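In order, the protein sequence lines correspond to chains A and B.
For the first sequence, position 379 (counting from the first letter as 1) is numbered 379 according to this note's numbering, and the numbering increases by one without interruption.
For the second sequence, position 34 (counting from the first letter as 1) is numbered 34 according to this note's numbering, and the numbering increases by one without interruption.
Just so you know, the hints here were simulated from the structure itself, not pulled from any lab data.
Possibly wrong hints are sitting among the right ones.
[Stated by the list, open to error] DMTMM-like mimics (lysine to aspartate or glutamate), calculated; alpha carbons at most 25 Å apart, straight line:
(1) B:LYS127 with A:ASP349
(2) A:LYS390 with B:GLU5
(3) A:LYS404 with B:GLU14
(4) B:LYS134 with A:ASP372
(5) A:LYS385 with A:GLU17
No experiment lies behind these values; they were computed from the predicted model shown.
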Amino acid sequence: MKTNYELRKDFSIFENENIAYLDNAATSQKPKCVLDALEKFYKKYNANPHRGAYNLSIKATEVLNKSRHRVAEFLNARFDEEIIFTKNATESLNLLAYSYGMDNIKSGDEIVLSIMEHHSMIVPFQKVAQAKNATLKYMYLNDDYQIDDKEIESKITGKTKIVGIVSVSNVLGTITNYKKIIEKAHSVGAVVIVDISQSIAHKPFDVQDADADFVVFSAHKMYAPLGTGVLYGKKELLEKMSPFMMGGDMIEYVYEQSTSFAPLPNKFEAGTQNVAGIYGLCSAIDYLQNIGYDTIYKIESSLTEYLLKKLKELPFVKLYCTDNLSQHEAVVSFNIDGVHPHDVASILDMQGVCIRAGNHCAQPLLRYLGVDSTCRVSISFYNTKEDIDKLIKALKKVYEMFMKFKNNQR
Amino acid sequence: MDQIEEIYSNIIMERSMQAYHKHELENETCSAHGYNPNCGDDITLHIKLCDDKIEDMSFTGSGCAISQSSTDIMAEVLKGKTVAEAKEIADIFVAMIDRKPITDQQKKLLKDAVAFQNISNMPARVKCAILAWKTLKNKLDEL
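Kindly generate the complete structure, drawing on both the sequences and the hints.
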């Protein structure tokens, strides 16, 4: 089993930057093998897939097809064509809102989301609800930042047609009870979209075992290049859906006034795809599976435990997360008494510590929690105890700075 | 550490902790709302205009130390100025932040707001510093 100190050496950025990078929930750093894959694609395979009759274009097409197979395997999808490449979870969710939501939601129907959803889930489905005169409902949290069974039972009803749920909250780190939610939704005939953007870097996801209808994630949060994302959909659902974006490669015949569309998966992949990025995504999957999710879990859970212990020792820190570590994953939100999170983040930055501050694209959740913004730390297996010690030292400095002035006022 | 003190200078820290002009304003003649969606700074400027003069100004809202102190200092600097003078000073402030050349005479007009001259060393926070000034300028341009 490799240690975090050994794995850290796979990431060139840490050779150049002496930083504690603790914003992995926003995007992860990229290992050398992923950077090498990008270079290799452009040096050896670069051509427009599906277009050319020449050998190089066929190679690029093969890269795309093999990559699709690799991702299907990774998620345990039944068919390769259940995997649609997008640029991120946001595009995947917009595709679902427009191609599934707009066609299947009718007046009086209900769409149920958790209050923990990212704006990329909330805003597109708000648009669907408004356009179709449907109701958008939210599942709220108990005191332990979890959606309990009672909430699931009462919100998902016979009127529910679509349910959207994150596997892990990007603000609270809560591991949701998505299996229970899928079960309930299916019992009333609704489809479920699971956003696994915050869990896939930490835990595998089996689409068949979960019986999820649609799954989305931003691959750049799991060590793949920026601009890569995935949509999984059950084949029978994707086949019935109309295309999202129109253009090259997603058509069969185009006449002056009408068009017939290509079968899956091309129907949903208009225009030239980011094949180099997708090739990099496959390399990221290889990399993760070589380390092994068990090893990743061991490193990250012990770091998260250490982080929480250290944060709890600071009396001026208010944490927003469950004490139940089995329901918590690698993301920790907190605030410093009397200091705005943006000031915290800026002053940490000046001390070489990168964290996120703000509303984390989850304004409804923050409003529900009664806060304007939070500081957020998110862990990867390449982080170290030293990163966390650096964070804690820097947080103490922030508090001291502000307290000095507060006391002067008296 | 020098960089921290250069940006979070004494005056910025003091004014963010104890803003003199953070309150509602009786008899306000107009108000203006400013918001930074990325960071959540949210301020409302309360302005009392008498003829062409800013007789009084205050603000309410919430945000980081940079946005709060910048708003408070702006209210102080612009109180008693004519609309034309206030617009000119707001433009000078934005020019200073953008690192455009400004004369010593222009700098004098900024008074305590000069404290924000190094904020461009921290590009992520420029928006916080200029929020109040842009909000005011937009409002005065409407008049």
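Violations among the numbered hints: none
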